[in-house]
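Order-wise, the sequence lines are chains G and X. The first sequence stops at residue 558 when you use the working numbering, and every number in between is there. The second sequence stops at residue 558 when you use the working numbering, and every number in between is there.
Read the hints as simulated data drawn from the structure, not as lab findings. Heads up, some of the hints might be wrong.
Listed next, with one range per pair, are the computed distances between beta-carbon atoms [claimed, not checked]: (1) G/518 to X/270: 48 to 58 Å; (2) X/525 to G/477: 37 to 47 Å; (3) X/93 to G/535: 51 to 61 Å.
Where chain G lies over chain X, by a calculated footprint (3+ residues, C-beta under 8 Å) [stated by the list, open to error]: (4) 34-47; (5) 215-223; (6) 337-346; (7) 538-550.
All C-beta atoms in this analysis are idealised placements derived from N, C-alpha and C, irrespective of residue type, glycine included.
Protein chains: 2
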Amino acid sequence: MAQNELVFAPLGGVGEIGMNLSIYGFGDERRRQWLIVDCGVSFASEEQLPGVDLILPDIRFLVEERKNIVGLVLTHGHEDHLGALIDLWPRLKVPLYATPFTAALFEAKRLSEPGAPPVPVKVVPVGGRLTLGPFTIDFINVAHSIPESNALAIRTPAGIVLHTGDWKIDPTPLIGAPTDQARLTALGDEGVLALVGDSTNAVREGRSPSEADVARTLADLIRSAPARVAVTTFASHVGRIRAVADAARAADREVVIVGRAMERVTQVARETGYLDGVQDFRSVESYGYLPPDKVLALCTGSQGEPRAALARIAEDEHPEVTLGKGDRVIFSSRAIPGNEKAVGRVINGLVSQGIDVITDRTHLVHVSGHPRRAELLDMIAWVRPKILIPAHGEPLHLAEHAELARGAGVPHVLTCRNGDLVRLGGDGAQIIDELPSGRLYKDGALLVNAASKTVSARRRLSFAGIVTVALALSEKGVLVADPEIELIGIPETDAGGASMMEIVRDAVEEAFESLPKPRRRDPDIVAEAARRGVRAAIAERWNKKPMCHVHVLEV
Amino acid sequence: MAQNELVFAPLGGVGEIGMNLSIYGFGDERRRQWLIVDCGVSFASEEQLPGVDLILPDIRFLVEERKNIVGLVLTHGHEDHLGALIDLWPRLKVPLYATPFTAALFEAKRLSEPGAPPVPVKVVPVGGRLTLGPFTIDFINVAHSIPESNALAIRTPAGIVLHTGDWKIDPTPLIGAPTDQARLTALGDEGVLALVGDSTNAVREGRSPSEADVARTLADLIRSAPARVAVTTFASHVGRIRAVADAARAADREVVIVGRAMERVTQVARETGYLDGVQDFRSVESYGYLPPDKVLALCTGSQGEPRAALARIAEDEHPEVTLGKGDRVIFSSRAIPGNEKAVGRVINGLVSQGIDVITDRTHLVHVSGHPRRAELLDMIAWVRPKILIPAHGEPLHLAEHAELARGAGVPHVLTCRNGDLVRLGGDGAQIIDELPSGRLYKDGALLVNAASKTVSARRRLSFAGIVTVALALSEKGVLVADPEIELIGIPETDAGGASMMEIVRDAVEEAFESLPKPRRRDPDIVAEAARRGVRAAIAERWNKKPMCHVHVLEV
């Protein structure tokens, strides 16, 4: 039996976008101590999961291993890295660590959710170090699209792992220091066993432009705008907020914050010093009092979210903020895959009002926070890992990252799946076990197991609706009341104009009457006969079979 | 009252993707004769319209005006231009005209749909002329992504309209002749009153690459493939099919056709001469007998359609066609907006099997069939219209096309909406009326009015499920059987693990018992009390309110 080996397992985030949760274990098969890195959500697409707001990792395994968990460390404050904590931390109650901005942003978000339990966060200084059981963790600064993104250098007696978190190379990131090349190179000199790294942009050639390039474009577009300007970006992108604020000041415009998430983040950024030197922003109430060429609205809703500020502005339904012909809206963002249609709807709503809409399709108003191929190669050259495991991306991204790493001479490259337990040793990486893993759905206030029928039943309902029938059956097998029938989500008439309700009524009666009399006494037989009759009658006209539930009351 | 004026109205396709249907009228307010151009569908997104397959234009207005319709002319064979005919033509029964390939493709599609009514199509020769009432229509060849795309020069006593249909400029389109610059310029010399034109790519700078450029890339990628190759493209893109076939022949590979739509189109293309000189293709049954380096599978499913060939191959569920590690799949296509996630799922399925996936992100394996800005300017320069009306595109595209036209000196530019009746005169274009317009949903075998509750009820069901309750109530206001309860699409337990079924049962009983006895005799009051009680009890635990239907049987 192996003694004191180092293992890694993704419980989310590998082979998918979002829901990042990785664990590192040290020990032997009988007992390992576990370090958790991140605990994020991913966003459900309505098409696949109607009525589901969020997807969370299934942490059964960690709940069982709770006494062996030494802590949970957050790399940064994005929802796909910490969004599952409010729901899942109460099941673990393990020590939780984050740098100041991440901790403050999480706390502000928690306070905004009614009924959220207290979740104590221990603050680690920027660039700090933490020892948890056999793990000594250095927080190494990396540039990203939120302040205080950290790569974690995780030291164990079996070697060092660099867990990159989300990162890019940006010599002029506007907020915080650039990615810490010196410290990463020193780590490489020391000898890195494994690199577990961000693969999001592994299909993109070259290097990302800098936030400073984006800031220049924004400044030009805001200066040249003839009337009102609105800018939307990811609420947590404080560097971008700063660029917009600087551009507004240069154009002699006041910045009005529109949308609660944006208010929350700017508040936290002020408290933690990331907006030091930036002018005060104005509240949304002042919008209507400012002349068109003196105002800039900084809005939530860059993903087309229907209840966010920009969607309401596009529908001309925002209580305070209106835009019109000749005004300019800048999407300083990109649609996350799956949101393209929603973003398109908002853009079309704005254009229909005669508003000039500017996106990253035609102007450099956004750059990604993830490393492209040349940046990935830089990281490999700095760190020189023996093992590389692509993380944070869909299968295509992982495969491209793996191929790139092999081409760069990394001796051992392994792509794995959520739940794979990977041993990291001097002889490479092997999948040695499969841990319980999976998904939970946040459905209203409840967490639902992805394997339960709750959501799949709703998907069936959405496809073909439902017929419900109630029958009152006497002991003698006689219907003692008229059948009650309800059709929901089913066309009212067939192609010839006949009422579907009457078609169903006839089908129920015919199904009942075609049963031999002794069988009419059995409520299960009656219900099943009616159900089959109804579904067949509708399918004949509609070519779709609705769900059908028949209640038989024995009276 | 105006005499013999020319009017135009889009009944679909303006301000949206797909569902193209335009009408031209000549006459006065009391009676106009109508020419219909195209009759297309658009594809429903599951998110917005669960269970809806297609969106069709509402042709109430045309049904009323049926006796004044002189004919329906198809510009080309794409579904967004003719996909509504099988359902809607029977309501109009007007003469229908198309060029040979379009007519044959439509007929092949019609025959593939069980129960589709006969729809007679009168064939117009390529480049031909047709006179229908006051309209004389010249079919002018334009390049596009299907054979026989036509711009229509519509001559009336009030002037000439050029209805471009879908087009691009491609000096080497592989199939058919290039866009007929000479004829369009001659038309401009003659004097064109109005141009109604394709706006799809009005946001894209420059000119599209040619199909010949794509063919070269495909030839390289197919020649260099080490093992099996599969290519997917739009089934109707015969030029692309020809390019793939030529590349396969050069690489000494047999082409196997996979997917019914692809089989249908290649059959029609052979019959109409568009695959003359191209080698015979092999049936799907031969796939397994060909060596990996001697086969190329040409597949349907470029949009990620879950039942199409490529999605089934990606899930390793296709009965005949399998791919594996080292094989290559080329997406010679682009995801139509809204299909990005579905396409991504297929790509990820392929990559997870170790298949090398190539898309237009990194290689020139696809070009659009629509004109970019420089091409739009060429068309304006050739035709020199007095009026330009942007059509075929979302609001953003229409607005960009309009701005481009104004910049190019077109005297009158008008953007309009579906249903606007536009007068086209020497003094420009005015919206003079609004015609009934809208959308129909193809829901199973039936057409449902978009205003009906059928689909919105299903959307509600998909969000929060349904509870149905059946009660048997005696005349005296006593429940004479145990309530029957069914929960569908609702979590089984609350956060504390209590059964939702029991929570609902308690809520029903409590609601009933809290009614004063005389009111218990009224089935409507009982039903409403139970319904409110159930929804409140669930909302308290779930934070979502399901639909609830209570059947009360009076026994």
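Going through the hints against the structure:
A beta carbon spacing of about 50 Å between residue 518 of chain G and residue 270 of chain X agrees with the range 48 to 58 Å that was offered as a hint. In this structure, residue 525 of chain X and residue 477 of chain G break the distance hint of 37 to 47 Å, their C-beta atoms being roughly 24 Å apart. The supplied range of 51 to 61 Å is broken by residue 93 of chain X and residue 535 of chain G, whose beta-carbon atoms lie about 32 Å from each other. Under a criterion of three residues with beta carbons nearer than 8 Å to beta carbons of chain G, the stated coverage of the segment 34-47 of chain X fails, only 0 such residues being counted.
For a cut-off of 8 Å, the count of residues in the segment 215-223 of chain X with a CB near a CB of chain G stands at 0, and the three-residue condition is violated. Counting residues of the segment 337-346 of chain X whose CB falls under 8 Å from any CB of chain G gives 4; the rule of at least 3 is met. With 5 residues carrying a beta carbon less than 8 Å from a beta carbon of chain G, the segment 538-550 of chain X meets the three-residue requirement, and the given coverage holds.
Of the hints listed earlier, those the structure fails to meet are numbers 2, 3, 4 and 5, in rising order.
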